[in-house]
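*Asks:* Each chain, letter by letter, is given below.
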Amino acid sequence: MQDLLGTSLSDERFPEILAAFDDVLAEIRKLRSLDLKDVHPAVIFEPTAPYRAEGEK
Amino acid sequence: MKTDRELDPWAAPIEHLAPALRDRRFSPVALTEACLERIGASDGTLQSFVHVADSALAQARDAEREIAAGNWRGALHGVPIGVKDNYLTEDMPTTAGTRAPGISFGFYDSAAVERLRKAGAVLIGKTRTHEFAWGTVTPPARNPWDTNRIPGGSSGGSAAAVAGGLCSAALGSDTGGSIRIPASLCGVVGLKPTFGRVSRYGIVPHTWSLDHAGPLCRTVTDAALLLNVLAGYDARDPACQDRPVPDYTKALGLPIEGMRIGVCRNHFFDRNEPAVDSAVERALSDLSAAGARVHEFEIPNLQYGLAAIFAVELASSAAYHDASVAAGRQAHFEPDVRALVEIGRLVTAADYLKAEQLRAVLCEDFRRAFEHADVIVGPTEPLTAWKSGEWTVEVGGKPESVLAASWRLTFPYNLTGLPAISVPCGFDHRGLPIGLQIAGRPFDEMTVLRVAHAFERGHPWGGQIATNRSP
Numbered sequence: 018m019q020d021l022l023g024t025s026l027s028d029e030r031f032p033e034i035l036a037a038f039d040d041v042l043a044e045i046r047k048l049r050s051l052d053l054k055d056v057h058p059a060v061i062f063e064p065t066a067p068y069r070a071e072g073e074k
Numbered sequence: 009m010k011t012d013r014e015l016d017p018w019a020a021p022i023e024h025l026a027p028a029l030r031d032r033r034f035s036p037v038a039l040t041e042a043c044l045e046r047i048g049a050s051d052g053t054l055q056s057f058v059h060v061a062d063s064a065l066a067q068a069r070d071a072e073r074e075i076a077a078g079n080w081r082g083a084l085h086g087v088p089i090g091v092k093d094n095y096l097t098e099d100m101p102t103t104a105g106t107r108a109p110g111i112s113f114g115f116y117d118s119a120a121v122e123r124l125r126k127a128g129a130v131l132i133g134k135t136r137t138h139e140f141a142w143g144t145v146t147p148p149a150r151n152p153w154d155t156n157r158i159p160g161g162s163s164g165g166s167a168a169a170v171a172g173g174l175c176s177a178a179l180g181s182d183t184g185g186s187i188r189i190p191a192s193l194c195g196v197v198g199l200k201p202t203f204g205r206v207s208r209y210g211i212v213p214h215t216w217s218l219d220h221a222g223p224l225c226r227t228v229t230d231a232a233l234l235l236n237v238l239a240g241y242d243a244r245d246p247a248c249q250d251r252p253v254p255d256y257t258k259a260l261g262l263p264i265e266g267m268r269i270g271v272c273r274n275h276f277f278d279r280n281e282p283a284v285d286s287a288v289e290r291a292l293s294d295l296s297a298a299g300a301r302v303h304e305f306e307i308p309n310l311q312y313g314l315a316a317i318f319a320v321e322l323a324s325s326a327a328y329h330d331a332s333v334a335a336g337r338q339a340h341f342e343p344d345v346r347a348l349v350e351i352g353r354l355v356t357a358a359d360y361l362k363a364e365q366l367r368a369v370l371c372e373d374f375r376r377a378f379e380h381a382d383v384i385v386g387p388t389e390p391l392t393a394w395k396s397g398e399w400t401v402e403v404g405g406k407p408e409s410v411l412a413a414s415w416r417l418t419f420p421y422n423l424t425g426l427p428a429i430s431v432p433c434g435f436d437h438r439g440l441p442i443g444l445q446i447a448g449r450p451f452d453e454m455t456v457l458r459v460a461h462a463f464e465r466g467h468p469w470g471g472q473i474a475t476n477r478s479p
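Chains A and B are the protein sequences, given in the same order.
FYI, in our numbering the residues of the first sequence are 18 to 74.
FYI, in our numbering the residues of the second sequence are 9 to 479.
Since the hints were made in silico from the structure, they are not lab data.
Positions of the beta carbon are idealized from the N, C-alpha and C atoms, including for glycine.
Careful, some of the hints might be misleading.
If you want a taste of the chain B side facing chain A, the calculated C-beta under 10 Å gives, among others [what the hints assert, rightly or not]:
1) R244
2) S293
3) A315
4) F318
5) D330
6) E364
7) A368
8) E372
9) A412
So here's chain B without its partners, still in its complex pose:
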């Protein structure tokens, strides 16, 4: 990775920006101006933002003034950060990606946004989400590595904006993989913390027991810096847990010699593109070469996971949108989201509770697996970014819907609430990024970040900015 002196400010990860902003070698105003220029130049194609903050430069000027007065607030002070359009904000409209008439959201700050403001971040705008965070495509956003392809979703706008160098980091939300999927497809880092680690207060609900809040960033260190700000108790989120928040940067730079890397050989390796399998096997070899011990096993009952995630998401989504459906507003949803919301009524109460029973079984299955592993490593996605407009893909010779394919490897960590990160681990023959998923025990983000950082340090992909390779 280049040093901050060699990088344009908009291309620098926060780990480089923070000391430079603190020491006034970089200006928050110049940095924000550079991001706004890049949004102006690139976002007509990428369509990653749905709203750019009128106050962005004013926020940057405030940060510059405070820093000049010796009141540096920390690593995010003066750093431009995008906010997924399902987080409520007091000074920007929230749409949750819908244009349906009769649906509106309040103007107040979600808990995560409150924390970012307190940390002095420049909230540069709202990033595009798949409608109601219910999908992995995020139309019409484009992947900055190939603008003929999708960025993933539902936090596709956040991933595209970070990968394209339009902001330094962005907030995402993850119900079945919506932080990690776009992170993998756009070649950035995406962290889904443990369920209960980061408050979801003020995020438009998708599925109450599966929704997670977290960041998309350029490096693992940046993810740790964001988590330091975002993590913490909030009584307004019933699922939030009152646990100490460590300094997550303390996990970085530690050796992984002797650590136990678990590899779950069923489910996660059943049907992936060959390039994905190759990249992940190389990553496992690299971790082994760094002194970690790789331990392979199988986890039972994962074959029932798709039923469980469908039952819980569909039923919850139907309940959330019940009034809208009764009023006929769902007729104005996009066709894919409309169908998913309407289908929810067909999930019976017994099936829903059976899905919740299966989650308890899976939590125990993973607990047993973690008796032999400090982290579980595998692919984030079975495939790389597909072309815009494709709703069926072929993976391992079998056609399947893009939703079924893209969340297969991520939803186990939503059903179990475990922390999981996606870090870049290479490219396929088309030059499209591949992601490595690293998961840990509940509230053990420290170990997840430690292994992710150790892997990132040995490779050139940390902090990368996308180069459009579309033919």
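Looking at chain A on its own, in the form it has when it is part of the complex:
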């Protein structure tokens, strides 16, 4: 499981973190219940960002 998640936590530590995640997961389950398929996420890709003038402040 740790490998799948890309975490290097030990076998002893991993269950502690899973338990600590319980309260957060309860909240995230509420979010999962929403149907938001028609909503564009607030993340917007902006390809012009690297072209902002050098040193422009």
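Chain A is fixed; fit chain B onto it per the hints.
*Replies:* Frame of chain A; chain B shown alone:
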């Protein structure tokens, strides 16, 4: 509020200091010396500073010389200002609150620090942050109103230093409430400007899409003076927006008669300490008495906000600290921060993007609310400062973690990027400060400051210095 002639310089807000420094009635050197003396006398208990600048008096002497030569740079010239320890500085070390080995930060000025230096401020030292700005306690800093209690966080050192009269103002950062929470708990003014208003270049990242930079001050006018210096475009921060910067002091002193005060009755009033609800209701009555029209409504979808802020913060924090975790350095983090950083790997990509979808929904929900309101007013915190060492609090009869309780009313304005300020609005029965939160439309800090200033003028809390009331 006392006039500058009646105040010790260290106790005066910047709005009083600035003309006195300009006219040479106050000396930047004497002012800085007074702050350094207070740090020496009080900070063994408050622990609000992690580093005091060796150059503080030299900076003050430079300011005094320039002012004497007729080169007054503006309201912050010669004013001692603290810098939260997650802003990089070229002449002071930055730790971001961590003692973990193998983690270090560069010696160069963050954008906000560059602007303060250009304005002639005396950068008096680095103020304590909760480790990596990931918490609302800031151990071992103490609240100057009761040194058995926490100052809030993550900008707890900045709030304690300003409230305790150790510096005139301080920089903070706010990812889920980290400027406004300590401002509320320490009885000072804390302003989180609109996302993109103030550059975050050179601030140790917590969560790229939620981090905001802003000031903690003694008065609303001081917040406007700081924002005048801090606001502006910076291409080095990808989120910074190239928009005109008004003179924010022009918002101050205007009447609020006829303005529409929105009150969101769900979420923000669901579960608060009775003293907090009472103080906020009195504030709403006062705003109404000043001629504002109070309009109540509900904003949908806020019940999903906690999931969204957790998903975005945890995932972002995990990404930022990925190399540290791979190297095992997080084992040296404080236990609360270590757990939060490690948990981040458990947030799935789909949950993260769903959280970003919810943010878009909330932005639209708030836009609709602002069709009927010029500002939205409510409590900053559901409770007052809790005792050091407590990690669970009971609010409204329900036990919850201090993190969940303390950012409940502030994180909606991080998810939506809206400007929000916390101003003192009274005390509970223990003499602990309560904060009033005023939020506005994107880039409408003028209206937020206008209402905050109108409220502050009618009450005695503007410019207050903390008095330790611990038993």
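*Asks:* Run every hint past the structure and note whether it holds.
*Replies:* These are the hints, each one checked on the structure:
no., hint, verdict
1, R244, "holds, 7 Å"
2, S293, "violated, 34 Å"
3, A315, "holds, 4 Å"
4, F318, "holds, 5 Å"
5, D330, "holds, 8 Å"
6, E364, "holds, 4 Å"
7, A368, "holds, 5 Å"
8, E372, "holds, 9 Å"
9, A412, "holds, 8 Å"
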